[in-house]
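Going down the list, the sequences are from chains A and B.
Reading the first sequence from the start, the letters are residues 1 to 552 in full-length UniProt numbering.
Reading the second sequence from the start, the letters are residues 1 to 552 in full-length UniProt numbering.
No lab work stands behind these hints: they were computed from the structure.
Mixed in with the good hints, there may be bad ones.
Which residues of chain A face chain B? A partial, calculated answer using Cβ under 7 Å [unchecked claim]:
1) Ala253
2) Glu260
3) Glu263
4) Ser296
5) Asp377
6) Thr380
7) Gln384
8) Lys407
9) Val413
10) Trp414
11) Cys425
12) Leu428
13) Gln440
Taking lysine-lysine and the BS3-like style, the derived pairs with C-alpha atoms no more than 27 Å apart in a straight line are [claimed, not checked]:
14) B/Lys165 to B/Lys350
15) B/Lys407 to A/Lys372
16) A/Lys284 to A/Lys70
17) A/Lys362 to B/Lys161
A few chain B residues that don't get close to chain A, going by computed Cβ distances all over 12 Å [to be verified]:
18) Pro23
19) Pro58
20) Asp415
Using N, Cα and C, we set each Cβ at its ideal position, and we do this for glycine too.
There are 2 protein chains.
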Amino acid sequence: MVDADSWHKIATKRRIAIQDSIPEDWRLDSLPSEEIVLNFPGQCGILSRSELEITNLPATELVYQLGTGKLKAVDVTLAFCKRAAVAQQLLNCMHEFFPEAALAQAKQLDEYFLSQKKTVGPLHGLPVSLKDQLRVKGTETSMGYVAWIGRRDEEDSVLVKLLRKAGAVFYVKTSVPQTLMVCETVNNIIGRTVNPRNKNWSCGGSSGGEGAIIGIRGSVMGVGTDIGGSIRIPAAFNSAYGIRSSHGRLPYAGMANSMEGQETVHSVVGPIANSISDLCLFMKAVLSEEPWKFDSKVIPLPWRVSEVESIQGRIAKGGLNIAIYPQDGIVCPHPPILRAIQSVQSALDKGGHHVFPWAPYKHEFGVNLINKIYAADGCTDVYQNIKLSGEPAIPNIKDLLNPDLPKADVNEVWDMQLQKWQYQCEYLEKWRQLEDEIGQEIDAIVAPISPTAAIRHDQFRYYGYASIFNLLDLPSVVIPVTFADKDKDPKNEQFQPMGQMDADVQSEYDPEAYHGAPVAVQIVGRRLSEERVLAIAQEVSQLLGNNIDHLS
Amino acid sequence: MVDADSWHKIATKRRIAIQDSIPEDWRLDSLPSEEIVLNFPGQCGILSRSELEITNLPATELVYQLGTGKLKAVDVTLAFCKRAAVAQQLLNCMHEFFPEAALAQAKQLDEYFLSQKKTVGPLHGLPVSLKDQLRVKGTETSMGYVAWIGRRDEEDSVLVKLLRKAGAVFYVKTSVPQTLMVCETVNNIIGRTVNPRNKNWSCGGSSGGEGAIIGIRGSVMGVGTDIGGSIRIPAAFNSAYGIRSSHGRLPYAGMANSMEGQETVHSVVGPIANSISDLCLFMKAVLSEEPWKFDSKVIPLPWRVSEVESIQGRIAKGGLNIAIYPQDGIVCPHPPILRAIQSVQSALDKGGHHVFPWAPYKHEFGVNLINKIYAADGCTDVYQNIKLSGEPAIPNIKDLLNPDLPKADVNEVWDMQLQKWQYQCEYLEKWRQLEDEIGQEIDAIVAPISPTAAIRHDQFRYYGYASIFNLLDLPSVVIPVTFADKDKDPKNEQFQPMGQMDADVQSEYDPEAYHGAPVAVQIVGRRLSEERVLAIAQEVSQLLGNNIDHLS
Chain A
1 MVDADSWHKI ATKRRIAIQD SIPEDWRLDS LPSEEIVLNF PGQCGILSRS ELEITNLPAT
61 ELVYQLGTGK LKAVDVTLAF CKRAAVAQQL LNCMHEFFPE AALAQAKQLD EYFLSQKKTV
121 GPLHGLPVSL KDQLRVKGTE TSMGYVAWIG RRDEEDSVLV KLLRKAGAVF YVKTSVPQTL
181 MVCETVNNII GRTVNPRNKN WSCGGSSGGE GAIIGIRGSV MGVGTDIGGS IRIPAAFNSA
241 YGIRSSHGRL PYAGMANSME GQETVHSVVG PIANSISDLC LFMKAVLSEE PWKFDSKVIP
301 LPWRVSEVES IQGRIAKGGL NIAIYPQDGI VCPHPPILRA IQSVQSALDK GGHHVFPWAP
361 YKHEFGVNLI NKIYAADGCT DVYQNIKLSG EPAIPNIKDL LNPDLPKADV NEVWDMQLQK
421 WQYQCEYLEK WRQLEDEIGQ EIDAIVAPIS PTAAIRHDQF RYYGYASIFN LLDLPSVVIP
481 VTFADKDKDP KNEQFQPMGQ MDADVQSEYD PEAYHGAPVA VQIVGRRLSE ERVLAIAQEV
541 SQLLGNNIDH LS
Chain B
1 MVDADSWHKI ATKRRIAIQD SIPEDWRLDS LPSEEIVLNF PGQCGILSRS ELEITNLPAT
61 ELVYQLGTGK LKAVDVTLAF CKRAAVAQQL LNCMHEFFPE AALAQAKQLD EYFLSQKKTV
121 GPLHGLPVSL KDQLRVKGTE TSMGYVAWIG RRDEEDSVLV KLLRKAGAVF YVKTSVPQTL
181 MVCETVNNII GRTVNPRNKN WSCGGSSGGE GAIIGIRGSV MGVGTDIGGS IRIPAAFNSA
241 YGIRSSHGRL PYAGMANSME GQETVHSVVG PIANSISDLC LFMKAVLSEE PWKFDSKVIP
301 LPWRVSEVES IQGRIAKGGL NIAIYPQDGI VCPHPPILRA IQSVQSALDK GGHHVFPWAP
361 YKHEFGVNLI NKIYAADGCT DVYQNIKLSG EPAIPNIKDL LNPDLPKADV NEVWDMQLQK
421 WQYQCEYLEK WRQLEDEIGQ EIDAIVAPIS PTAAIRHDQF RYYGYASIFN LLDLPSVVIP
481 VTFADKDKDP KNEQFQPMGQ MDADVQSEYD PEAYHGAPVA VQIVGRRLSE ERVLAIAQEV
541 SQLLGNNIDH LS
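Please construct the entire structure, taking both the sequences and the accompanying hints into account.
Have a look at this one:
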């Protein structure tokens, strides 16, 4: 047994070790006093002008320059290591930082390129940040549990192996909340990870370290996981892009997880980045390695350019058919989110597309069901890991992991699984019904991803906008739309809540506190149609004026 | 509560009703005294010469003639209804028989063809037999449980809907064992279904009614399900062809099942027929209906001709690489099976292919694991359904459903799921290792599907040859190879058992009793590579001289 105080010592020692992993030269003399630190990396003097330029390039451009010898892997790696070091000091977003190993890996890649006159793969020399769950041989995976400190991994996760084979360079493992089952990022080892756009705001979670480091460009491509919004919420709160692929599209084998072996609702892995093109670069690189030969859960579907072209063709002649809903009938989003849905609708209209209202089908049933699934083991697994060290549970944890819920019986779990399947099939039927009504295919659903913009700490309550698509297992791409604006988004004084959760969420809205907070939407497609959803997200992004890179 | 005798009355009444569903004109005056009744339909005088011809045609030829107007749906349906009626009287293979509805459906199809000059779909007018689990509006689904008698279905299962849309005609629901969890077919409603090649032999199970009716050509295309061999064993025991597709290839939604909602190992649905081409016809017809728009578990993969062509290309230049194993290290197959594996190996060698020995990887672990998964709920679900009417459990049931096993805890189920996934990934690694050794792709694994030829009643014991690929979720096609032969397959008097199960299985071998019993093998491919496995099975069948139809 562990004595009551010892977890604190272990955690403190670990926290100091993380700080100590930052080389002396990259340490800030003093931290900025402002809450907004987004631009501080460019001002702090740690990065040279060319390093700043490198870290501001898209991943697609970086791999192009790396692949043509215009950039060296060592220089790119060094630039991102330095920026990540600054990010860590500002945002507290790391669990592991290993710049030396990264630079050694980059050096080998440069040597290979010099001698072989070719790259090792499509990500040759590209630094990729990894959420803590991804195992990298020799580094530690703690999952935010004090009890796991000191567990060094003996093998790479499958995805890490394949990314490595594709030429990716690893330099950092990013922070997660204790248990992973919270959409903020706080644990008893490192404390809290904060949002570069305002340290009073959450960076989201559970891939919160990824959200923060991508947001401040201490990484150009990060890997997160999502079982209830954990890729999409951090992407949304950091004005970034993220994709929750369908289960089985990308390899999860060999990763750490909460509730390992739970298969009723699968956690999925996927990229967070600063553009759709960069998300596609990741997808294409991983799929080109045939992950289905390494992870039995991965479906043998290579990247299908024809699916992208099919959407581009539909855009070119006649336009897309998009269903949209501003609220799910359980919790009404805050004014900035409602405005974002409106802007997307207008942009689609102006872009020549066809927008149809979507009636969220039994979302309350679905959200209640997935909440029961999360807690099916009476939260035995996670609380065991918490108790192992004697550390306390973090705030908010009871929203998804209520230990007062009884452990389900196997037959009850089977019943939940049956309900899930039936609900998924009914949802498909609704999709078909709308298609029958309009006599054409519905290409995607656009919806809020969260009822709020980047939220203040310890306020995240309602997971339903994200988690419904985990239950339905539909691919969802988050794109940034706008920022909360106290002038455009006044409080709705006439608000009539639909229930207690709705009242609680709405009462938290404060136009001043949210001013400037990133606002995103999600674009949802049919299962395993990642190529299509990404192509649609690209079109919507372009209509919103977000970026203009070309997709293939 | 139900009194102890009443289940017997209910079952008897139902059994009589099934017999009464056979029109007077199609009833046999007397049953043949022989045990071998395979050719009796041609001799009994119920079917006309042209009806006999129709029922001897392959499904591919039938749909061709139906689609060109050479045959009428009514005539084809009538022929199969009559032959099925004879089959029922000989083999006891039905739970429901509805020739009137079938003929009405066929008449509508003929009218459509006449007026529209085209077919409704690729199966226009083709009679398809359905395992009891498939729901057909207005008919009963009993699953072999007395307690379920009288439950009439209000809706078609998804697969039934799609087959109907493709033009299939339904006329019979075939027998299953109580609970489905036995590879023989016996229940307290109809008794036992027997093998047309010898009534002392099992027709296999749980899709045993399908095996028997396909074997005697009372059906040309049947639909079964498989969670531990239930498509493949009946196909094997009746010298027929069957495919256990990967989970998610074909739609299971809306079907009845034992242990509904159990998702640790999925039961899958698939065809049993008399040739590979007919299996392909089924697959193509169903996939052309986009089943993924109706059943959330179906993966959006249309039939890929390119995959068939890829195998045909490999056959044309250089040959296939096939791994093979004669025994799994737990139970040694009977002499006829070992001879069949030898013949396949010789045929492959002669055909210019490359055969490599496969070391079955941890099959004992895998078989034990799937047995634990079957019984994870302490068999609560199935014994509840048995007890509901007061009927007794059928023989053999404890082999897979041992009620003495304790109900697992949710965390224990998660652990089983994790073990399953890790085992699947390790199996993939073994596959890659062999490929690395030979420097080429391994196209398939050839293995026994059962340690015995068509077995005598109540003797089926060892499911491991079949169930290991349910656990691994790999597609497996069963093809007939030969028949047990008392002269070629003497008892191995020097047999040294590897364990108790091995001793039990081997001791049951009797060259006289097995003489003439069908012997099959299975051909196993990578997950979701159904097109490739079928194309390879076609090649092996051709090399064995089974048939010569062309695949596309």
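Structure-based check of all given hints:
no. : hint                 : result
1   : Ala253               : holds (5 Å)
2   : Glu260               : holds (5 Å)
3   : Glu263               : holds (5 Å)
4   : Ser296               : holds (3 Å)
5   : Asp377               : holds (5 Å)
6   : Thr380               : holds (6 Å)
7   : Gln384               : violated (9 Å)
8   : Lys407               : holds (6 Å)
9   : Val413               : holds (6 Å)
10  : Trp414               : holds (3 Å)
11  : Cys425               : holds (5 Å)
12  : Leu428               : holds (6 Å)
13  : Gln440               : violated (14 Å)
14  : B/Lys165 to B/Lys350 : violated (43 Å)
15  : B/Lys407 to A/Lys372 : holds (21 Å)
16  : A/Lys284 to A/Lys70  : holds (23 Å)
17  : A/Lys362 to B/Lys161 : holds (25 Å)
18  : Pro23                : holds (38 Å)
19  : Pro58                : holds (30 Å)
20  : Asp415               : violated (6 Å)
Hints 7, 13, 14 and 20 from the list above are not met by this structure, while the remaining hints are.
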